[in-house]
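Engineer: These are the residues of each chain, in order.
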Amino acid sequence: MGPLSMAGGKREVLHWLDLLQQVYAANRAWLTELDSAIGDADHGINMDRGFIAVQAELAAHPPADIRSALQAAAATLIRHVGGAAGPLYGTFFLRAAAACAGKPELEAGDVVALFQAGTQGVCERGKAAAGDKTMLDALLPALEAMRQALAEGTGSVEILDRAAAAAEAGMRATIPIQARKGRASYLGPRSIGHQDPGATSAFLMLRAAAEAWRA
Amino acid sequence: MGPLSMAGGKREVLHWLDLLQQVYAANRAWLTELDSAIGDADHGINMDRGFIAVQAELAAHPPADIRSALQAAAATLIRHVGGAAGPLYGTFFLRAAAACAGKPELEAGDVVALFQAGTQGVCERGKAAAGDKTMLDALLPALEAMRQALAEGTGSVEILDRAAAAAEAGMRATIPIQARKGRASYLGPRSIGHQDPGATSAFLMLRAAAEAWRA
Amino acid sequence: MLGSQLEMKKLINDPLDAPAEFLAGLALAHSDLLRVSLDPVYVVRADAPVPGKAGLLSGGGSGHEPMHAGFVGRGMLDAACPGAVFTSPTPDQIQAATRAANGGAGVLHIVKNYTGDILNFEMAAELCQAEGIDVRAVVINDDVAVEDSLYTAGRRGVGATVLAEKICGAAAERGYPLAEIETLCRKVNRRARSVGMALTPCTVPAAGKATFELAEDEIEMGIGIHGEPGRERLPLLPAAELIARMAGMVVADLPFRSGDQVIAMVNGMGGTPLMELYIVYRELHHILEGLGIRIARRLVGNYITSLEMAGCSLTLLQADDELLSLWDDPVLTAGLRWGL
Amino acid sequence: MLGSQLEMKKLINDPLDAPAEFLAGLALAHSDLLRVSLDPVYVVRADAPVPGKAGLLSGGGSGHEPMHAGFVGRGMLDAACPGAVFTSPTPDQIQAATRAANGGAGVLHIVKNYTGDILNFEMAAELCQAEGIDVRAVVINDDVAVEDSLYTAGRRGVGATVLAEKICGAAAERGYPLAEIETLCRKVNRRARSVGMALTPCTVPAAGKATFELAEDEIEMGIGIHGEPGRERLPLLPAAELIARMAGMVVADLPFRSGDQVIAMVNGMGGTPLMELYIVYRELHHILEGLGIRIARRLVGNYITSLEMAGCSLTLLQADDELLSLWDDPVLTAGLRWGL
Ligand SMILES: Nc1ncnc2c1ncn2[C@@H]1O[C@H](COP(=O)(O)OP(=O)(O)O)[C@@H](O)[C@H]1O
Ligand SMILES: Nc1ncnc2c1ncn2[C@@H]1O[C@H](COP(=O)(O)OP(=O)(O)O)[C@@H](O)[C@H]1O
Ligand SMILES: [Mg+2]
Ligand SMILES: [Mg+2]
Ligand SMILES: [Mg+2]
Ligand SMILES: [Mg+2]
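Just so you know, the protein sequences line up as chains A, B, C and D, in that order.
The first sequence runs -7 to 207 under this note's numbering.
The second sequence runs -7 to 207 under this note's numbering.
The third sequence runs 19 to 358 under this note's numbering.
The fourth sequence runs 19 to 358 under this note's numbering.
It is worth saying that the hints were derived from the structure and are not from the lab.
Certain hints may be false.
[Said to hold, decoys possible] Derived DEER-like restraints, expressed as beta-carbon distance ranges: (1) Leu309(C) - Ile184(B): 29 to 37 Å; (2) Gly185(A) - Gly310(D): 26 to 34 Å; (3) Glu25(B) - Glu259(C): 32 to 40 Å.
[Stated by the list, open to error] Lysine-lysine pairs mimicking DSSO-like chemistry, simulated, CA-CA at most 30 Å apart: (4) Lys205(D) - Lys227(C); (5) Lys2(B) - Lys205(C); (6) Lys119(A) - Lys205(D).
If you're wondering where the values come from, they're calculated on a predicted model, not measured in any experiment.
The beta-carbon is built from N, C-alpha and C at its ideal position, and this holds for glycine as well.
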C-alpha cells in the first residue's frame, strides 16, 4: 500500500486516546507514588481521572475528525484534571489539535508536527526548560529523536518507537536532577534522587502512541 | 523492750509516707499501664503526683504527731490528686488520722483501727462493695486478715505482712471480675481479664506499711 | 522529659506542664474574655463575678479542649476548673473557682458523671456551702454506649455538657435564678443523648504512650472522652454505615420521634479534620430526615475532644422553643461565638 | 473502594467523593451562609452576587478545610472553588464561580503560588475577561521555607491567604473598588510571612497511603499544605525550641522589627488539638515580646490545614491601622465569625 500505509488516521488517534486511559489506570498508583515523594501524591489520580473523562466524552460525542478528537481531549483534560497536569496536558492536546487541522490522515511528518506543537504548548504554558525536572525532560528528547528519525526517512511507528525510547531515557535522567519548576522545586536538594512524575506520564503517553500506531 | 517495741510511732508513719512516695514513683508506669487498659491512663501519674506533694508538704511543715502527719497527707492528696483516687485515698487518710487522734504510739490494735477507719472511709465515699473491681478488693481482704492476725495476738509487723499478702491476693482476684464501679465499669465485659489499678495501688500501700513498720 | 528530648509527637514542653501552658496561652490570646489563676488552677470570665447573676461553673480533666476553659465568657460559663489530663479537678480548685464565679446569686456546678468528678465536686460543694454560697450541681449522663444499671457507675457525661453549658449560660445571662437554671440543665440532660467512636487512640502526655492499640482496619465504638477503649471493637466502616449505626443508637435511646426537632452536634475528637466532620454531618442529616427528625440547629467541629484522638461523636438534643431561643442567644467565648 | 471495605482511617465513603460530600454537608449545615454548585463545583455566598460589590474569589485543592469554602460568607469570600484533594480547581469551575460572584464590579482572584493554581486561574481569567468580567488576580507567596530564586517556582502561598481573605473581604464589604482591593491584597501579601512544620504525614483519600514516612522522633520542617515533605527533617523538639526556630525564620525574613505590631496566626494542620496550639501561641507570644513585637490580633486554631496532618504553621502580618480596622470588621462564615 506504499507510504500511505505508514500514515496514521483517526483510528490511530482514537486508539491512542483509548490506550492512554488504560495506561494511566494501570499506572495510577505508580505515578501517585512518584508524586508522593516530591509532590502532593495526586499525579496518577489526576491523569486517571482525566483520561476516564476523555473516554466518556469521546463515547458521548464521537468526533468527526482527528482535530476534533484531540480538541475534545484537550477541553476535557482542562475541565477535569486541574493541578499542573491539567492545563499542561490540556495545552498539549489543544496545540496538537490545531496542528492536525484539516488533516484526514497523518503522514510521518504530521505526527512529528503534532508532537512538536504539543510540546511547544507545554513549554509556553509552563515556562519550564530542559533540565528543570518536569515532563519536558521526557517530551523534549522525544521530539528531538522524532526529528532525527524523520530526517532519516523512517515511518511513523519507528519515529514513535524512537521517541518513546528517548522519553524513557529522559524520564530516568530526571532522577539526579534538582527540580526547578513545579511543586518538587519547593523541596530544594531533597528533590534529587526521585524520578519526576510528569516526565513519567509523558513517557507513558509516547509509548502508548507507538503502540497505537503499530496496531 | 516488751510489747511496746512492737508498736509503731510517728517514725513508722513518716517512714511509711516516705516509702509511698518512692513506691508510687517506681510503679508509676505500671499503674498507668493498668489504667490504660480499663481506664484513662492516669492512675500512676495521679498517685505519684500526690505523694510527691505529700513529701513536700511534710518537709515544709513537719507534723507534730501521727494524727497531723496523716491529716496533712489527706489534705494534700485531696488538693493535688483529683480523679477518683484523690478523694478516695484522701478520705482514707482523713479517717485514718481521726482514728489516731491523741495517740503518740500505735499498738497493734491501733494499727488495725487506722486501716479499718481508712477503709471504712473509702467505702462510704465511693459507695462500692467487695467484688466491684476497685481498691476495696485489696483493702477489704487486707482488713479481714489484719483482724484475724490481731485476734491471734500477733504484732504490727506480722499483721501488716498478712494484710499485704491478702491485699495482693485480692488485687489478683480483680482480674477475672467485671467492673461495677468507676471508669472501668463503662467497658462492661471488656473490663474482664485486667487487674484493677486502684487495687494495685492499695496493695502497694499495704506492702509499704509492712516495710515501714519492719524497719 | 530530659533536656530537650521529647518522647511523643506533640507540640508541648514538659508533659506535666501542658495543661497549665495551654491555659496561659489561652489567657494571653483572650485577655478580653477571661482570666486564668494558676494556683489553684481555674479560669473565670474577665468580668467575673457578675453581680446578681447566677454563676455557671464546669470542670473536669484537661485534654477535652476547647471544653471547658474555651467556653468561659459571656453567654456561657463563668468559670472552669481543668484538672490534669483526663483527671478531674480537686476540691480546692473547684472551691476557688466557685467563689470567683459567685456574683451573690449562687453557682451551678455542671458535672459530668465520672466517679472522680462526682467525688471532687461533692467535696467542693460541701466546702462552698459551708461558706454560705448557694451551690447546686447537675450531673450530665448522656452517653448511650453505657447502660445505666446497678452494674455500672451509670452513664458517662459527654457531648450534652457542651449544649447544657451554652443553653444554661444564655439563661443565666438573661437573669434566670439559680433554681431555674438547675431545672433547665436537668431538662437539657434528660432530652440529650450521645455516642462516640474512635479511629485512633490518643496519648496522655505524662504517660507517653497510646491508651490502647487499634489495627489499621479496626475502630472503637462507644468510647468516652478519656482515651479509654470503647464498648466494642468493630471493623472500619464507610461513613454512611458508621453514622447510620451511631445515629440509630442515639435515636432509639430517648427515643427521638418523627416530628421532633433537634439541636445536633457532630463533634470531632481532636484529630479529625473538618472535611470528615461535614461528611458525617451530611450522613446524619439524611438519616434523621428519613426518620422525620429535623435538625433545627447544629454544631460541627471540635468541641469536646480527647487530645489528638481521631474519631467523632454525635449528640442530639430534643429541642423546644425555649431551648432554641436560648441556643440562639449571643455567646462570646474562645471556643464558641455568635451574635456578638 | 469495594463494597463496605474502607482502606484508611477516615470518616468518609468513596475517597473520590469526599470533597463533594464535604461541600454537601457544609451546604446543609450553613444554608443561611452559602450555596453549593456540584457541576461544576463551587461555593457562593447565599446572597451572591451582591450588586455593586467587588467580588472576592479564592480556590485551590480540597483538603485545607475550612479554607476556602468555610470562608465564604459576609465579610470574607463571595465564592470558592475547591478542586480534588490537593489539586487546583479547573478553569471551568473558576469561571462559573467568578460569574456567580460578580455583582458587576469585577472579581478578585486570590491565588496561592503553585504552578497548577496559577495555570488554571490564568486560563479562567482569560475566559472571564473574554466575557467582559473585570478579573484581577493576586498571587500569595508567603512561605519563608522556600527560597524565591530562579531555581524554584517561587515561594508557596500558605497562611497569608487566610488573612488576605479576611481583610480584603472586609474591604469589599465596605465598598472598596476592585483596584483598591487588589492593591490591599498585594499589601497583605507583601507584609506577611509564614512557616509550617509537620509531626505526622497525611493520607490523600484517593491515594490511600501516607504521603511520607516519619520516624517516631522526627519532624518535617518547612512543609507546605499539600502533605509534601518539608525542606528538612529534624529531631522532635520541645515546643519552646521548635517555635523559637520557626518564629526566627519568619521574623528574620521580612524582617519584622521591634515596635512592629502584628496579626498572628497559629494554625493547626488538621490533626493537632487546641491544647497544643495554645501552648504554641504562648511560646510565640513570649518570643515576639522579647523582640519588641506586639501581637495586636490573633487567630489560634485550624484554618488552613492538610487533611489530618499533625503539626502547625505560624503566620505573622505586619499590621497598620487600616489592616487592623479591616480585621476587626464583622465576618460571618462557617470557619470564622465575629461581630455578627
Ligand atoms: N512549569 C511546568 N512545566 C512543565 N511541567 C511541569 C511544570 N510544573 C510541573 N510540571 C509537571 O507536572 C507534574 C505534576 O503534575 P500534578 O501532580 O498532576 O500537578 P500538581 O503539581 O499541581 O499536583 C510534575 O511532575 C512536572 O512534571
Ligand atoms: N467508687 C469507687 N470506690 C472505690 N474505688 C474506686 C471507685 N471508683 C474507682 N475506684 C478506684 O479508683 C481507681 C482509678 O483511679 P484513678 O485512675 O486515679 O481515677 P480516675 O478513674 O478518675 O481516672 C480504680 O482502679 C478503682 O480501684
Ligand atoms: Mg501532584
Ligand atoms: Mg484513671
Ligand atoms: Mg482520670
Ligand atoms: Mg496537586
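Engineer: A separate judgement is required for each hint: does it hold in the structure or not?
Structural biologist: Do the hints match the structure? See the list:
no. : hint                              : in the structure
1   : Leu309(C) - Ile184(B): 29 to 37 Å : holds (36 Å)
2   : Gly185(A) - Gly310(D): 26 to 34 Å : violated (43 Å)
3   : Glu25(B) - Glu259(C): 32 to 40 Å  : holds (34 Å)
4   : Lys205(D) - Lys227(C)             : violated (46 Å)
5   : Lys2(B) - Lys205(C)               : violated (53 Å)
6   : Lys119(A) - Lys205(D)             : holds (27 Å)
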